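Colleague: Start from the sequences, fold in the hints, and give me the full structure.
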Amino acid sequence: MFEDLRDLYQEVIFDHNRNPRNFRVMDNANRQVEGFNPLCGDRLTLFLKIDDHVISDASFQGSGCAISTASVSLMTEIVKGKTEAEADTLFKQFHEMTTGKTEDINLEAIGKLAVLAGVREYPARVKCATLAWHTLDAALKNEAQSISTE
Amino acid sequence: MSIFPVEQIRADFPILGETIRNKPLVYLDNAASCQKPQAVIDSIVHTYSHEYANIHRGVHTLSVRATDKFEGAREKVRAFINATNTKEIIFVRGATEAINLVAQSYGKSQLQAGDEIVISAMEHHANIVPWQMLCQQIGAVLRVAPMNQQGELLFGAFEQLLNDKTKLVAITQMSNALGTINPVEKIIAAAHAKGIPVLLDGAQAIPHMAVDVQALDCDFYVFSGHKLYGPSGTGVLYGKQALLEAMPPYQGGGDMIRQVTFAKTEYAGLPHKFEAGTPAIAEIIGLGAAIDYVTAIGMDNIAAYEAELLDYATQQAEQIKGLNIIGQAAHKGGILSFTLDRIHPHDIGTMLDSLGIAIRAGHHCAMPVMDFYGVPATARASFAMYNTRQEIDVLMQGIKSLIEVFG
Ligand SMILES: Cc1ncc(COP(=O)(O)O)c(C=O)c1O
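Just so you know, the protein sequences line up as chains A and B, in that order.
Oh and the first sequence: position 84 is 84 in the UniProt record's numbering, straight run, nothing missing.
Oh and the second sequence: position 91 is 91 in the UniProt record's numbering, straight run, nothing missing.
Mixed in with the good hints, there may be bad ones.
If you want a taste of the chain B side facing chain A, the calculated C-beta under 10 Å gives, among others [as the list claims (entries may be wrong)]:
| hint | residue |
| --- | --- |
| 1 | 33 |
| 2 | 35 |
| 3 | 38 |
| 4 | 345 |
| 5 | 346 |
| 6 | 363 |
| 7 | 367 |
| 8 | 401 |
No wet-lab data here; the hints were simulated from the structure.
Since this is a predicted model, take the numbers as computed values, not measurements.
Just so it is clear, CB atoms sit at the ideal spot from N, CA and C, and this is done for glycine as well.
Modeller: Here you go:
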C-alpha cells in the first residue's frame, strides 16, 4: 500500500525504530548535548565518550519519529571507534547526502547511512534525519549544551 | 433536515478534484485552513478584472465601486455574526492580528501593573503570546484556567480565578488541538457578573456553527477568513462599539485619520480608526462571497452534518487498537486529534500523505496542550462540510495499514 514510500522507509529504518541501538544513558560520558526540533517537538540527548580524539562510546535518549530515531541509532553505531575528524567528515557527507547539494556523493564511504538518502525527496522530513548529526556536530565542537534545528 | 448536499458542495471546490501522489485528495486539514469554493475564486477574479482600485481614496468610478464592494463585505460580516452595526466590524489580517490589536490597544490603555488576564489551558499560541507580551510590557499577570483529561475546561476552577484584579477573559470558543467547544455562554455570564469583559477566539468555531455576538454578549470576537472558506490575509475583529470607541488606534497611517498636521492628528471614527493602510481589498470582498456561500447552505445544517461526520469518525477510530484519541470532551467540533502507540505523528503524516490524505502532524501551535498530555505532537484530522464518510473510511483504512507496516 505504501509503495511510494519504499525509498524513505526502508526496512533498516523500521528495524532501528523498533530496536534502537545504543539507547541508554551513559554515566561516564564526557560530552552530552541535547538536540531539539521545535517543528515537531523531537528531542534527543546524545552522549559521547571521547578519549584521545577517538569516540570510544556513543549513546542516546529521547523520542522522535522513525526517521530521526533510526538516524540517531545508526549514527551512534557508525561513529563508535571513529576519530573526531572522521566523525566530522561523516557529518559533512551526511549533510550533503540529505540536503541533496551534491549529486555524486560517495555512498560507499557513507555506508549504511545511505538508507537515509530518501529524505532528500521529502523536504518536510530532512530535519528529522539531520537532527542527530547537528547534535553530534555540537558535541564535537564542545561549545553548546543544546541545539535547535530552527 | 433534508439530506445534506455534500456532493453538490464538493463540486463547488475545484481543488477537491486534485490528485496527490496519484491518489484522489482527501483533505482533512481544515482546522489549519479550509479550501475555497469557486464562488470565492470567481469573486477575486471578478474584482481584479472589473472592480479594483484603492478604496476610500478616489472620486473616480472604480474606486467608488471597489469601496462599495468592500463596505458591502463589512455588512455581510455584520449580518453573519449579528453585530449591531458595521462600526463594530474591524478588518484585520486574521485572528492573530485581531488578538494583538486588542492586547496592544485595549490592554495597554485599560490594564495596569498587577491586573490579571485569564485564558485557558487549551489556547492556541495566538491567544497566549500576545497576552504574555502585554504582561511583560505593563506588569500584568496571566492566569490559566485548567482543563481535565477529556480536554474540558474546569469551570469551577475558571470561576475561582476571577477576582477584583481580573480585567479580561480571553478564551477560545473551540480548541484547534482538541476540538473542545467551550461553554462560552456560561463563561461570559460568570465574567460579566464581576464586570469583566470577554474576548472569544472564534478562529475554529466560526466555520462550524452559527455565531450571534449579541446573543453571546461577548465583548470582543475574533476570527480568520481563511478558515471560513475565504481568502487568506483576511480576518475580523468584532468589538462592542463603546469599547472600540474608547480604545486608541493600533497602527498609524493612511485611512485611519480625519486630519493630519505635523503638530497633531485627529483620528478617523470607527471602524476606520483601526484600519491603517491599504487592506486586502479583493480578499475581503472574497470573504463576503464566502459568507454568502455558507449562509446559503445554512450554518445549522453545516453544524449538524459535521457532527455526524465526527461521530462516525470517532466510532471508527475507537475500533482501532493502539489509537488514542486526544481530546474527548462531551461537546466537540469536527476535530479528531490522536496518537498511535509507538508510531510518531510525523510518520503518520508522511504515510497518509502517500495515500493522498492530508492531515496535520505536530503541536498545532498549542505546545502547552501537548505538554498537558505528555506527547510531543499529535496527528489531527479535521473535518469540513465537504468531507464525507467515504473519506473517513479511506483515512481509517490508511491508519490500519500503516500500523501493520510499522509492525
Ligand atoms: C483557535 C485558534 N486561534 C487562533 C488561530 C490563529 O489564526 P490565524 O493564524 O489565521 O491568525 C488559529 C489558527 O490556527 C486557531 O486555531
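Colleague: Just pull the numbers of the violated hints for me, sorted ascending.
Modeller: Violated: hints 1, 2, 3.
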